[in-house]
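Student: Listed here are the chains, written in short residue letters.
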Amino acid sequence: MATNESKTMNNVLVGRKNLCILAYDQGFEHGPTEFDEKNVDPEYILNIAREGGFDAVILHEGVAARYWQKDRDVPLVIKLNGKTAFRAGEEPFSPQLCTVAKAHTLGASAVGYTIYVGSGREAEMMREFSKIEDEAHDLGMAVIAWMYPRGASVAGRENEKEVIAYAARLGLEMNADFVKIPSAKTYEDMQWIVKAAGRTGVLVQGGKQRDNEMFLEDMKIAMRSGASGVAVGRNVWKNADPIGLSKSLIAVVRNEHV
Amino acid sequence: MATNESKTMNNVLVGRKNLCILAYDQGFEHGPTEFDEKNVDPEYILNIAREGGFDAVILHEGVAARYWQKDRDVPLVIKLNGKTAFRAGEEPFSPQLCTVAKAHTLGASAVGYTIYVGSGREAEMMREFSKIEDEAHDLGMAVIAWMYPRGASVAGRENEKEVIAYAARLGLEMNADFVKIPSAKTYEDMQWIVKAAGRTGVLVQGGKQRDNEMFLEDMKIAMRSGASGVAVGRNVWKNADPIGLSKSLIAVVRNEHV
Amino acid sequence: MATNESKTMNNVLVGRKNLCILAYDQGFEHGPTEFDEKNVDPEYILNIAREGGFDAVILHEGVAARYWQKDRDVPLVIKLNGKTAFRAGEEPFSPQLCTVAKAHTLGASAVGYTIYVGSGREAEMMREFSKIEDEAHDLGMAVIAWMYPRGASVAGRENEKEVIAYAARLGLEMNADFVKIPSAKTYEDMQWIVKAAGRTGVLVQGGKQRDNEMFLEDMKIAMRSGASGVAVGRNVWKNADPIGLSKSLIAVVRNEHV
Amino acid sequence: MATNESKTMNNVLVGRKNLCILAYDQGFEHGPTEFDEKNVDPEYILNIAREGGFDAVILHEGVAARYWQKDRDVPLVIKLNGKTAFRAGEEPFSPQLCTVAKAHTLGASAVGYTIYVGSGREAEMMREFSKIEDEAHDLGMAVIAWMYPRGASVAGRENEKEVIAYAARLGLEMNADFVKIPSAKTYEDMQWIVKAAGRTGVLVQGGKQRDNEMFLEDMKIAMRSGASGVAVGRNVWKNADPIGLSKSLIAVVRNEHV
Amino acid sequence: MATNESKTMNNVLVGRKNLCILAYDQGFEHGPTEFDEKNVDPEYILNIAREGGFDAVILHEGVAARYWQKDRDVPLVIKLNGKTAFRAGEEPFSPQLCTVAKAHTLGASAVGYTIYVGSGREAEMMREFSKIEDEAHDLGMAVIAWMYPRGASVAGRENEKEVIAYAARLGLEMNADFVKIPSAKTYEDMQWIVKAAGRTGVLVQGGKQRDNEMFLEDMKIAMRSGASGVAVGRNVWKNADPIGLSKSLIAVVRNEHV
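Keeping their order, the protein sequence lines are chains W, S, H, F and G.
Under the working numbering, the first sequence has 165 at position 165, and the numbering climbs by one with no breaks.
Under the working numbering, the second sequence has 103 at position 103, and the numbering climbs by one with no breaks.
Under the working numbering, the third sequence has 209 at position 209, and the numbering climbs by one with no breaks.
Under the working numbering, the fourth sequence has 48 at position 48, and the numbering climbs by one with no breaks.
Under the working numbering, the fifth sequence has 252 at position 252, and the numbering climbs by one with no breaks.
None of these hints come from the bench; they were simulated from the model.
Do not take every clue at face value.
A few chain F positions that, by computed beta-carbon distances, are all more than 10 Å from chain G [to be verified]:
| no. | residue |
| --- | --- |
| 1 | 44 |
| 2 | 47 |
| 3 | 72 |
| 4 | 85 |
| 5 | 89 |
| 6 | 99 |
| 7 | 187 |
| 8 | 209 |
| 9 | 211 |
| 10 | 214 |
| 11 | 216 |
| 12 | 256 |
With a straight-line cut-off of 27 Å between C-alpha atoms, the simulated DSSO-like cross-links for lysine-lysine are [what the hints assert, rightly or not]:
| no. | chain 1 | residue 1 | chain 2 | residue 2 |
| --- | --- | --- | --- | --- |
| 13 | W | 131 | F | 131 |
| 14 | F | 195 | G | 70 |
| 15 | S | 195 | W | 208 |
| 16 | H | 17 | S | 38 |
| 17 | F | 7 | G | 70 |
| 18 | F | 195 | G | 38 |
| 19 | G | 38 | F | 185 |
| 20 | S | 208 | H | 195 |
| 21 | G | 238 | F | 195 |
| 22 | F | 70 | W | 7 |
| 23 | H | 208 | G | 161 |
| 24 | H | 70 | H | 38 |
| 25 | H | 195 | S | 238 |
| 26 | G | 208 | G | 38 |
| 27 | H | 38 | G | 195 |
| 28 | H | 161 | S | 38 |
| 29 | S | 17 | S | 185 |
| 30 | S | 195 | W | 238 |
| 31 | W | 131 | F | 70 |
| 32 | G | 70 | F | 131 |
| 33 | F | 131 | G | 131 |
| 34 | S | 17 | S | 131 |
| 35 | F | 195 | G | 208 |
| 36 | W | 195 | F | 70 |
| 37 | F | 17 | F | 185 |
| 38 | F | 161 | G | 238 |
| 39 | H | 238 | G | 195 |
| 40 | W | 195 | F | 38 |
As the structure is a prediction and not an experimental result, all values here were calculated from the model.
We put the CB at the ideal spot given by N, CA and C, even for glycine.
Just need the whole structure built from these sequences, with the hints factored in.
Tutor: Structure follows, in structure tokens:
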């Protein structure tokens, strides 16, 4: 057995191959323009997570602290850093805004952190991530790295096979348990990306809202190519029947994983 | 019960829905040009706070340390950061100038911190705020985030519904007990902003001095739309009859809250 | 009694209304061009301080450590930060170069720190000052803030009433025991500045060397307007009869304070 | 005996004169474009290291944590910092992404750190290296400094004798046990470089893949000129017969060292 | 007795008036281009220091750790910061690369630190020096400040009387035991510089290699003007008869000091 697996041995997420996670960090990243009267309310989301059968829900600290309940809700992933949509023109940077210790106190099973790979400030985020990774693993929490290609150096190439594969590989090199990445264009690309990530699991993001069938087909392809799961948000909680769609999605993820 | 509510359970401000707070941080933010021979003296302000029946008074560290008395004055909010009016052309930044521990020693019930949302330096302020939030909650103090849209990226949009709603939502995502924000243009806008802030209370700022009736009408609308209270300064202590106006204001706030 | 007065209750400078302090930080700030064969020697200065009857002497760490003697010399103020004259074109910044703990070990009764109010780097200095203020008060030392308007944003306005009043007020807001500021142009301006500073004492700087009578007249006006004292250097130790002038100055300060 | 030799006295690498180390940090530095279906898998590399008879293998933290096994694999060197290939146009900087303590916990015998000598950010890397050097030696680990000339100030001169000799000498001045450097152009240049490094051992890098004989000849020359060993990667694990080549290489290194 | 003299009372260098120190930090500052086959080897230098009768030798950490021996060699000064010759066009900055604690562990009697007076980054170096000064004095070590005028603000004035006198005075103000400075142009200039430094001793640097007689004459003038000693390098260890020259130099220093 390799060295650092022991501390997270009993973690509810580590080592899983068919994860379905509900993301609700858009209030920070995009602002309430994403929301309507229903999904602006975190209770609405937590209900989808429970009733839809998700394995975990992703929240920022404040929403977790004020809404999530350990004895009622699905396992918690706290997103530790965040970036507003205001500073769009700059090389992207997302500062840590919640400590690992606080996430642990709040009951989180995992922490998430975004690294904008290719950004002029990627070094700062990598450095910060490396500290988080140590602290979280020491507390038995899983570590999920949002590895998103962004910034002038990768502009227009954010969805290219080699760029995503590099982003995913960096997650392995930095000891993430999972990387959350955009979907690649083809099944073959996706297979190579999963291979590059090695023993670090790949979670495919849901992305912008689209047609139910297209969305489910994309997730199916990702799972067949070896991904360890999906982390989706808007496609589910903007849906007219979020719980119905959740159940279809989970069936896909459970059945298709390699 | 959600996780972090326990430590501030007995706090005099947390959970309140009809707060009336007197702000006197203008000596730092604007300088004595705001003052006359009477209101330049913090004793004059503390007297208004007491006699007018305010729930709390907002001071910077030095004024708190040298004037405020626990056994005599209304509960204390210490504003932890500050920015002078000299550097007007820059992307706004307001550094922390008082520790949470010092605020606690001085007897404060809450701490305040300004984040200039949209500023080129918002990441620095958010990071600093996140530490303050942890420290203050650990000591049982309430946390009030001044969420003020400022800087080139939001220039001219500081009072737009979506901009203020985003600012308010960020306060929830970062676990503030209250956000202090500018008034929106309409009652409907204000309702959406309050909804976006969720379980984080909304305190509406008073803003520039204006006619008593206009001022009270604005505060009335804010309270009806679901705000948790008001934090006002110049409209009160520049008034010829500050205690009279205070009493009218407090009546509005107490009666109109939803 | 307000909260933070207790720790400095027995401090030899705190609360004083008629202070006469001898400044000798020019070796750092201006360099030896200010000196001649006599006053280049710190012993010469310490002798003036003793024989002239000053309440305290201002030194940088090294001069204090190598010349000042507790059992022989007048009380010590250590200037904690310093800026050379070399970088004249830049927005002024003066970094801390001596810790509060070291100043305490060396026997200082007070620490001094310059904030260039209006400088592009004022936030850094304010932040550093705020830590010093806590540490010094915890050790029972007085805190003197040199509040000097400087930098492009206040160029040409360094001696204006509102600019100096703002600088002085910031000293109160940040909990300095004393602010050291330039003289204002008129008696009325000076009165407003003293009022703006509230319970923070105002020390007027001596400035460039000038005629004895003019100098003493300026100090007299400052004291009558409510200043808590003077902090002078070159006018005294560049004088042909420094001890004679010191005695005249001290008589003025003792007699004229309000 | 000189002072700091004692703590690393029993280290498996320190003091060795004929080291053959397999580098596999390219997943971070270059991305998976360097890899094919076989060598993308760290298990494939670790097998070459074992079967080929290498003295150590160089990995980043994540690959070490998830693949390397103390009781099975050759001694571990953890590369502590890393730089992606995305930011090619900038003055190069490589931030620390794994602590010395973590490397020690993972079972490493040595740590590696790259300093881009001549870079506009060399001071930052030197400072970070100096802390790492202390920590690693305190824990009995060997310290290998990748001393790579890079950046505008040395552009086009990266392989010049004096530039490499300076880089190697800096490794001695900063107390590295080994420097990893590019090959110089001639045998005589290499001799001077080894002399400049003094008691700090010189490890020659393998560089880009080339013909087996050319590669082995380069390594032979390096060893004869006094180098303490080689640290090679792509030439070996991109080779069709990596274990065969490894054995030839090791024979060269063992026989040719001075 | 002034306050901080007690801890360094028994230091082998503090208070000395006729010091002869051999500098060998050029491997870092200039690179091996300064060296030949003999003096590239630190053993050659340590032998000159011993046989030539020097009071101390200046080394960077790595050379000290790997060559210097307490029971064999002359007292050790560790140069804590360093700057390579690569970044010549920039405002000079030299980061700390060895801790005071490490220098103490290695057996050093003193630490050295360069401040480029007048540099755009002088504030950073002064701040770092001030911490080093505290730490070193606490451990009973002497503190030598290399006070070198450099950077655009003093370009062309590096050897002017007032510039060097200011640099030397800053060393006193910051509590250095010694300043190492360039020679001034005249005996009178040198006298003023020594006076400006007060109780901080002045060590004159040797500078570029020149004719034996010219070199010794320069050192003689410096000592007569009141300097506390010399710190020389290339003039000695590039000399054909370094031990002969050392003995002549030491005779000059011992005889000529005031």
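Student: Confirm or reject each hint.
Tutor: Hint-by-hint comparison with the structure:
No beta-carbon of chain G is positioned within 10 Å of the beta-carbon of residue 44/F; the least distance is around 37 Å. A cut-off of 10 Å between C-beta atoms confirms that residue 47/F is not in contact with chain G; the least separation is 36 Å. Against chain G, the non-interface label of residue 72/F holds: every CB pair exceeds 10 Å, the least being about 34 Å. The non-interface label for residue 85/F is consistent with chain G: the shortest C-beta to C-beta separation is roughly 23 Å, beyond 10 Å.
The claim that residue 89/F lies off the interface holds: its Cβ sits roughly 18 Å from the closest Cβ of chain G, which is beyond the 10 Å cut-off. Distance check for residue 99/F against chain G: the nearest CB is about 17 Å away, which clears 10 Å, and the non-interface claim stands. At roughly 16 Å, the least C-beta separation between residue 187/F and chain G is larger than 10 Å, which holds for a residue marked as non-interface. The claim that residue 209/F lies off the interface holds: its Cβ sits roughly 30 Å from the closest Cβ of chain G, which is beyond the 10 Å cut-off.
No Cβ of chain G approaches the Cβ of residue 211/F within 10 Å, the least distance being about 32 Å, so the stated non-interface status holds. No Cβ of chain G approaches the Cβ of residue 214/F within 10 Å, the least distance being about 28 Å, so the stated non-interface status holds. Non-interface call for residue 216/F relative to chain G: holds, since the shortest CB-CB distance, roughly 29 Å, exceeds 10 Å. Against the 10 Å criterion, residue 256/F stays outside the reach of chain G, whose nearest CB is about 23 Å from its own CB.
Distance hint between residue 131/W and residue 131/F is fulfilled; the C-alpha atoms sit about 16 Å from each other, no more than 27 Å. Using a Cα cut-off of 27 Å, the hinted pair residue 195/F and residue 70/G holds, with the two alpha carbons roughly 24 Å apart. Proximity of residue 195/S to residue 208/W is assessed by CA-CA distance (about 24 Å); at most 27 Å being required, the pair is judged to hold. For the suggested pair residue 17/H and residue 38/S, the alpha carbons sit about 23 Å apart, so the restraint of at most 27 Å is met.
For the hint pairing residue 7/F with residue 70/G, the CA-to-CA distance comes to about 17 Å; that is within 27 Å, so the pair holds. A C-alpha spacing of about 10 Å is found between residue 195/F and residue 38/G, which places the hinted pair at or below 27 Å, so the restraint holds. A C-alpha spacing of about 23 Å is found between residue 38/G and residue 185/F, which places the hinted pair at or below 27 Å, so the restraint holds. At roughly 24 Å between alpha-carbon atoms, residue 208/S and residue 195/H fall within 27 Å of each other, so this suggested pair holds.
Simply put, residue 238/G and residue 195/F have alpha-carbon atoms about 17 Å apart, close enough for the 27 Å limit, and the pair holds. For the hint pairing residue 70/F with residue 7/W, the CA-to-CA distance comes to about 17 Å; that is within 27 Å, so the pair holds. A distance of roughly 24 Å separates the Cα atoms of residue 208/H and residue 161/G; the hinted pair therefore holds under the 27 Å criterion. The suggested pairing of residue 70/H with residue 38/H holds, with an alpha-carbon distance near 23 Å, which does not exceed 27 Å.
Straight-line distance between C-alpha atoms of residue 195/H and residue 238/S comes to about 17 Å, which keeps the hinted pair within the 27 Å bound. This hinted pair checks out: residue 208/G and residue 38/G have alpha carbons roughly 19 Å apart, not beyond 27 Å. About 10 Å separates the Cα atoms of residue 38/H and residue 195/G, which keeps this hinted pair within 27 Å; it holds. Distance restraint check for residue 161/H and residue 38/S: the Cα-Cα separation of roughly 18 Å lies within the 27 Å cut-off, and the hinted pair is therefore satisfied.
Between residue 17/S and residue 185/S the alpha-carbon distance is near 22 Å, which keeps this suggested pair within the 27 Å criterion. At roughly 17 Å between alpha-carbon atoms, residue 195/S and residue 238/W fall within 27 Å of each other, so this suggested pair holds. A C-alpha spacing of about 24 Å is found between residue 131/W and residue 70/F, which places the hinted pair at or below 27 Å, so the restraint holds. Only pairs whose Cα atoms come within 27 Å are accepted, and residue 70/G paired with residue 131/F is accepted, the gap being roughly 24 Å.
Taking the CA atoms of residue 131/F and residue 131/G, the gap is near 16 Å; set against the 27 Å cutoff, the hint holds. A hinted pair counts as satisfied when its Cα atoms are at most 27 Å apart, and residue 17/S with residue 131/S qualifies at roughly 26 Å. For a cut-off of 27 Å, the pair hint linking residue 195/F to residue 208/G stands: about 24 Å separates their Cα positions. Taken as a hint, the residue 195/W and residue 70/F pair is honoured in the structure, with Cα atoms around 24 Å apart against an allowance of 27 Å.
Straight-line distance between C-alpha atoms of residue 17/F and residue 185/F comes to about 22 Å, which keeps the hinted pair within the 27 Å bound. Of the pairs offered as hints, the one joining residue 161/F and residue 238/G holds, with about 21 Å between alpha carbons and a cut-off of 27 Å not exceeded. For the given pair, residue 238/H sits about 17 Å from residue 195/G by alpha-carbon distance, which is consistent with the 27 Å threshold. Between residue 195/W and residue 38/F, the direct Cα distance comes to roughly 10 Å. Compliance with the 27 Å bound is thereby established for this hinted pair.
Checked against the numbered hints given earlier, the structure satisfies every one of them.
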